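The lines below spell out each chain.
Number of protein chains: 2
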Amino acid sequence: MKKVGIALLGLGTVGGGTYRILEKNHEMIKKSEGIDLEVRCVLEKNLDRCRELGVDESIVSTDIDRVVNDPEIKIVAEFFGGIEPARSFLIKCLLAGKSIVTANKEMFAKHWHELEEAARKGKAGLYFEASCVGGVPIIRTLTESMQGNNIQSIKGIINGTTNYILSKMSDTGADYAETLKEAQDLGYAEFNPSADVDGFDATYKLSILSSLAFRKKVPLDIIYREGISKVTAEDINYGKEFGLTLKLLGIAKQHEDGRIEARVHPVFIPNDEPLATVKGSFNAVHIVGDAVGDIMLYGRGAGDLPTGSAIVSDIVYAAGQKSHKLSCFKNNGLHIPNREFVRDFESEYYIRMTVKEEAGVLSDVTGVFGRSNVSLRSVIQKGDVDNNGNVTVIFETHVTTESSMEKALKKIAKLDCVLEVNSIIRIEK
Amino acid sequence: MKKVGIALLGLGTVGGGTYRILEKNHEMIKKSEGIDLEVRCVLEKNLDRCRELGVDESIVSTDIDRVVNDPEIKIVAEFFGGIEPARSFLIKCLLAGKSIVTANKEMFAKHWHELEEAARKGKAGLYFEASCVGGVPIIRTLTESMQGNNIQSIKGIINGTTNYILSKMSDTGADYAETLKEAQDLGYAEFNPSADVDGFDATYKLSILSSLAFRKKVPLDIIYREGISKVTAEDINYGKEFGLTLKLLGIAKQHEDGRIEARVHPVFIPNDEPLATVKGSFNAVHIVGDAVGDIMLYGRGAGDLPTGSAIVSDIVYAAGQKSHKLSCFKNNGLHIPNREFVRDFESEYYIRMTVKEEAGVLSDVTGVFGRSNVSLRSVIQKGDVDNNGNVTVIFETHVTTESSMEKALKKIAKLDCVLEVNSIIRIEK
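Protein sequence lines, in the order shown, are assigned to chains A and B. FYI, our numbering numbers position 163 of the first sequence as 163, with every residue one higher than the one before it. FYI, our numbering numbers position 38 of the second sequence as 38, with every residue one higher than the one before it.
The set of hints was computed from the structure by calculation and includes no laboratory data. Everything numeric in this text was worked out from a predicted model, so none of it was measured. Don't take every hint at face value.
Given that identical chains are not distinguished, each listed pair holds provided it fits within a single copy or across any two copies.
Stated by the list, open to error - List of simulated lysine to aspartate or glutamate pairs, EDC-like, C-alpha gap at most 16 Å: (1) K24 / E256; (2) K2 / E38; (3) K279 / D294; (4) K92 / E256; (5) K325 / E33; (6) K279 / D344; (7) K24 / D290; (8) K31 / E273; (9) K92 / E114.
Take these sequences, add in the hints, and give me the full structure.
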């Protein structure tokens, strides 16, 4: 029986979940995988937490060198989160020949090239299934199941907090602030929710997933990012009338010429798309490959045991490898020429405006759209004229570029008859 | 650059799709995987087909020994289907140390232990991602992504033909015979449709998937099997009224005591279950693990390129392994004691009967159910009394065992007031 020593850096939510799975299913893993996983060191300051989980105090430490210097430790699982000290610790471990397993998407999205370099030098492996979409095997699918595919697109609900908030807003009709507060009270959103609601977390994941899908590093700074804090109950309801569901999606596409576009923003999708049916804190990723066609993976994107499941799967996987496969990216994510990416991407749009109810208004607005090369699919007046003589109008456009839309909206905002452009939401079909 | 020789046994639909992918994406695979895949031999009698695909005639043969005796061929992909000559050829290849890749679910479900034995002797690998659910990475998910999970259940739409027929019947209201005929004309069903519509194909796949999930061989003969040929448009429509969708599912569960139940049959599921939204020829598998919770994988379950995608992924995967992992089943699927399996499984039921419209009928029927320990959720009379004074009644039960239901129905069929028990369909929630 192959015995493999492990270190766990941190015993927070996911670290604790991982420890629990390793304890509970230790014998099963031994029998079915032929590997005896032994936790030899846990780096954790909080001794109460260690006791709560039943960790033997003799293996608890706060000194990374105890991990680095133990030759029996072959795999290091990191649960600190954030950049430091995770980054320095892991580079030390990799250089010492220890493979790392992590859920740390931010560090991976920002420092992948450094970690790879250290892994190459140390002949160690880098495993990060848990960094994206919890226990759903999206990384392994991209790296070990789609090798024969030229991947065309990847679209996903890759942040559970925002999906919970948007699903709830849609179900209850409540507004954003109220729903966020409720999500915070229930523990679905952080006290400081910015990483989730402003789209940072989804951007980290999209950078990782699209880099693997397109086999070159897609750096964070080329990903367009827009969060959900401006989403209104009103637009969600109007969307319903049009058969559309609002989701925060990560979208990445490879164009025919090899250029890549990547973006994270709220977007309306048709109700009958599989992604539209993904509710609450569930996540899902839809991939299109030239051979396999459409596939979708669905599951819990967070939580101690689901994410711990991905960590344990990486540990077992890493333990079974005789040598470790690293990425074959054509770039390292640094100094990438702009021409490799599409920033002026195309989309359909939903636009809600408040305009004066008077003759010629629609003709003025639609005229500007036309002259800016934005073709309209529909124009619908919603509700009655308000006390000030104003009315809500919703425009749906055909596919147009970001730049054409921006140009049109700048001009429209200057029209006397337009009081406000209330909402601009992309539609993805 | 590592060069790996391949042989393709057969160039039918999936063999041809595989060849196309290997040709089209050869350079991409070389760059991103660092492996140069070379097709060195194709076993195919039909030379027209070889020409159509642009296969160089110098590598076409009909002699398996050319494959066995070529030391450069490391991986053999089989597309013959059926048991022989696939089985004998593959055993020869395995004993010669060549790994095999196959989509042949029937052979795998029936002869897995023999293939494993040969693979062990030859130190070769067995790869069969393509045998279940086409390009959807369900095998890799079970073997390489859920190692930390005690899997509780696996439920899936694992046959595209029957899902196409049932989806179509639901959409159009047409009956089974007419819809099958249409599916045959469109190429979605075979001229002899029995393997699909009688559930054999799904049973092969469920045997493979549940064996991997529960880490012991689940042989074909313990899987309960019932096809879709008795399904009526009437029941599909009544199901709709109750918020239920009819699907042919493969269901396998591990009970608390370790016993396993496995079955393939038509079943009503609630409309809002993710599996209910899987339409047409798409497939999906829903797995529940003790760590990961619910996950679902979705995609095309058949077709030249989707299944070819799985074959190519297995080829690349096999080519990258220094040694091959085989199953660690606790049994070989032979001589398994009955006590390891649950045959008298539990389910809810939908039952449609034609009864005489007269006083006391419902009391007679419900009385028999009650005395047989079958508890009813609802009893609803449907439509008007017909010319013969008969009426349709639909019963929905709570969870009960197969044996209780059988006992009850035997007695009910003998009641004078019951003209016919028209349909018995399980409900899975």
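Taking 16 Å as the upper bound on the Cα-Cα distance, should K24 and D290 be classified as within, between, both, or neither?
Between copies only: 10 Å across chains, 41 Å inside a chain, cut-off 16 Å.
Homo-oligomer pair classification [E273, K31; C-alpha up to 16 Å]
Close neither inside one copy (41 Å) nor across copies (34 Å); limit 16 Å.
For the identical chains here, do K2 and E38 meet the 16 Å Cα criterion within one copy, between copies, both, or neither?
within (11 Å within a copy, 35 Å between copies)
Evaluate K325 and E33 at a C-alpha cut-off of 16 Å and name the case that applies: within, between, both or neither.
For K325 and E33, only the inter-copy Cα distance (9 Å) is at most 16 Å; the intra-copy one is 20 Å.
Are the CA atoms of K279 and D344 at most 16 Å apart within a copy, between copies, both, or neither?
neither (30 Å within a copy, 35 Å between copies)
Same-copy or cross-copy closeness of K92 to E114 [CA-CA at most 16 Å]
Classified as within; 11 Å inside a copy, 47 Å across copies.
Intra/inter-copy verdict for K24 and E256 if alpha-carbon distance must be at most 16 Å:
between (48 Å within a copy, 15 Å between copies)
Quick one: K92 to E256, C-alpha cut-off 16 Å, is that within a copy, between copies, both, or neither?
neither (41 Å within a copy, 44 Å between copies)
One pair to classify: K279 and D294, alpha carbons no more than 16 Å apart. Within, between, both, or neither?
Intra 20 Å, inter 13 Å, cutoff 16 Å: inter-copy only.
Checked against the numbered hints above, the structure breaks hints 4, 6, 8 and satisfies the rest.
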